[in-house]
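Enquirer: These protein sequence lines map, in sequence, to chains A and B. Quick note: the first sequence uses the numbering used here, first residue 1, plus one each step. Quick note: the second sequence uses the numbering used here, first residue 1, plus one each step.
Treat the hints as calculated values from the structure; they're not laboratory data. Honestly, I wouldn't trust all of these hints.
[Unchecked claim] Result set (EDC-like, lysine to aspartate or glutamate): computed pairs, CA atoms no more than 16 Å apart in a straight line:
#  : chain 1 : residue 1 : chain 2 : residue 2
1  : A       : Lys205    : A       : Asp84
2  : B       : Lys16     : B       : Glu67
3  : B       : Lys16     : B       : Glu60
4  : B       : Lys84     : A       : Glu167
5  : B       : Lys44     : B       : Glu10
6  : B       : Lys74     : B       : Glu24
7  : A       : Lys35     : A       : Asp15
8  : B       : Lys84     : A       : Glu231
9  : A       : Lys206    : A       : Asp84
10 : B       : Lys74     : B       : Glu60
11 : B       : Lys53     : B       : Glu10
12 : B       : Lys64     : A       : Glu191
13 : A       : Lys19     : A       : Asp128
14 : B       : Lys74     : A       : Glu191
15 : B       : Lys79     : A       : Glu191
16 : B       : Lys47     : B       : Glu10
17 : A       : Lys202    : A       : Glu73
18 : B       : Lys64     : B       : Glu24
19 : A       : Lys19     : A       : Glu116
20 : A       : Lys35     : B       : Glu60
21 : B       : Lys74     : A       : Asp128
22 : B       : Lys79     : A       : Glu167
23 : B       : Lys74     : A       : Asp84
24 : B       : Lys79     : A       : Asp130
25 : A       : Lys205    : A       : Asp32
26 : A       : Lys19     : A       : Glu230
27 : A       : Lys19     : A       : Glu231
28 : A       : Lys35     : A       : Asp128
29 : A       : Lys202    : A       : Glu191
30 : A       : Lys35     : A       : Glu73
[Said to hold, decoys possible] A few chain B residues facing chain A, derived, Cβ under 8 Å:
#  : residue
31 : Leu14
32 : Lys16
33 : Ala77
34 : Gln80
35 : Tyr83
In this text, all values refer to a predicted model and were calculated from it rather than measured experimentally. Just so it is clear, CB atoms sit at the ideal spot from N, CA and C, and this is done for glycine as well.
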Amino acid sequence: MAALRALVGVKRVIDYAVKVRVRADGAGVAADGVKHSMNPFCEIALEEAVRLRERGAVREVLAVSCGPPACQETIRTALAMGADRGVHVEVAAPDYERLGPFQVAQLLAALARREEVDLVLLGKQAIDDDCNQTGQMTAALLDWPQGTFASALTLEPDGQWLRVEREVDGGLETLRLRLPAVVTADLRLNEPRYATLPNIMKAKKKALAVLAPAALGVELAPRVTVLRVEEPPQRQAGLRVETVADLVAKLRESGCI
Amino acid sequence: MKMASPLRGEVLNLYKNLLHLGREYPKGADYFRSRLKAAFLKNKEVKDPEQIKQLIAQGEFVIKELEALYYLRKYRAMKQRYYKDDNE
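The shape of chain A in the complex, shown without the other chains:
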């Protein structure tokens, strides 16, 4: 195996700098007219795949996103950052609201088999649902080894094994995985490059395929129901006291001492 093929999942999420608001009906968060961008952890995973390709260890980097047509923007960004080819698994808006890590993992696993990739690189979690499950489930569905929370990644010269350094409580753990494998990226894996305007323009020429979930043989029946989404409780206003005696009196009053 001389050069590998890598599949990278990129998720379109509400931009990290946007203040998220819960929708009035309590069924989710307001996403209309809100700035979206690529999940920061997906950016890190993608950067790692592109660097592997630049070093010659990987032959092709495939960027995949599942969701409504707007996801193609995210795939274009991925192509501008250096992915070679994009795949958009189109899931219409009503289904997308119920799309969870399990369904995405099924789609990614089916795609990984179909495209015969050797390495699936994902972000460790998305900043919108914070699930941290997709990578693990994808590895399980494919029955491939997994290296989660990777903070360093090296491919052994024979191209058969991958060394993954992971941040665990109290230190670093190094795993040796036999390819094909699934790796999820932690924050310190690398510093993702910026998708510059000239690269965005060039990326428009790259191929982007659109697939339906049915074409991958995946049923998107949800297994989890969201009952309610709520804002975190508002912090109570504090108050100023003039003297120590006042402070002690107030603390007594509130039952703290």
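Following the hints, position chain B against chain A.
Expert: Quick look at chain B alone, frame taken from chain A:
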């Protein structure tokens, strides 16, 4: 009408690239755009090709700085959100 400088395209590209980067500027795209335009207009009388090249290099340095700024901003936000107990 004078003949356009061969550097004209490069200057325009620099302006476009900076304008694109400015859309994410923390103080807003409008703030960035007005400053950017002023900075370019300030040097509109420059004719010496050497000096123009120097100014382009300066603009490219600003691009690098902006990219670093955006990266750090995002990195810090992620670190604050997900790695609260780190003492590093």
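Enquirer: Is lysine 84 (chain B) within 16 Å of glutamate 167 (chain A), Cα to Cα?
Expert: Judged against 16 Å, a Cα distance of about 15 Å means the pair holds.
Enquirer: For the pair supplied as a hint, lysine 44 (chain B) and glutamate 10 (chain B), confirm whether the alpha-carbon distance does not exceed 16 Å.
Expert: holds, 14 Å
Enquirer: Would you check the hint for lysine 35 (chain A) and aspartate 15 (chain A), treating anything up to 16 Å between C-alpha atoms as holding?
Expert: Status holds; Cα separation ~6 Å.
Enquirer: Would you check whether leucine 14 (chain B) satisfies its interface hint, that is, whether its CB is within less than 8 Å of any CB in chain A?
Expert: violated, 10 Å
Enquirer: Has the given pair, lysine 53 (chain B) with glutamate 10 (chain B), been kept, meaning a C-alpha gap of at most 16 Å?
Expert: Roughly 9 Å between the alpha carbons, so the hint for lysine 53 (chain B) and glutamate 10 (chain B) holds.
Enquirer: Against chain A, with CB atoms and a cut of 8 Å, does the hint on alanine 77 (chain B) hold up?
Expert: The hint holds - alanine 77 (chain B) has a Cβ within 8 Å of chain A, the shortest such distance being about 5 Å.
Enquirer: Regarding the pair lysine 202 (chain A) and glutamate 73 (chain A), is the alpha-carbon distance no greater than 16 Å?
Expert: holds, 14 Å
Enquirer: Keeping to a limit of 16 Å between CA atoms, is the pair of lysine 74 (chain B) and glutamate 24 (chain B) held or broken?
Expert: holds, 12 Å
Enquirer: Lysine 74 (chain B) and aspartate 128 (chain A): Cα distance at most 16 Å?
Expert: holds, 15 Å
Enquirer: Against the 16 Å threshold, does the CA-CA distance of lysine 205 (chain A) and aspartate 32 (chain A) hold or violate the hint?
Expert: violated, 29 Å
Enquirer: Using the nearest Cβ pair, does glutamine 80 (chain B) come within less than 8 Å of chain A?
Expert: Given a least distance of 11 Å, the restraint on glutamine 80 (chain B) is violated.
Enquirer: With the threshold set at 16 Å, check whether the alpha-carbon distance from lysine 64 (chain B) to glutamate 24 (chain B) stays at or below it.
Expert: holds, 14 Å
Of the hints listed earlier, those the structure fails to meet are numbers 8, 10, 19, 20, 23, 25, 29, 31 and 34, in rising order.
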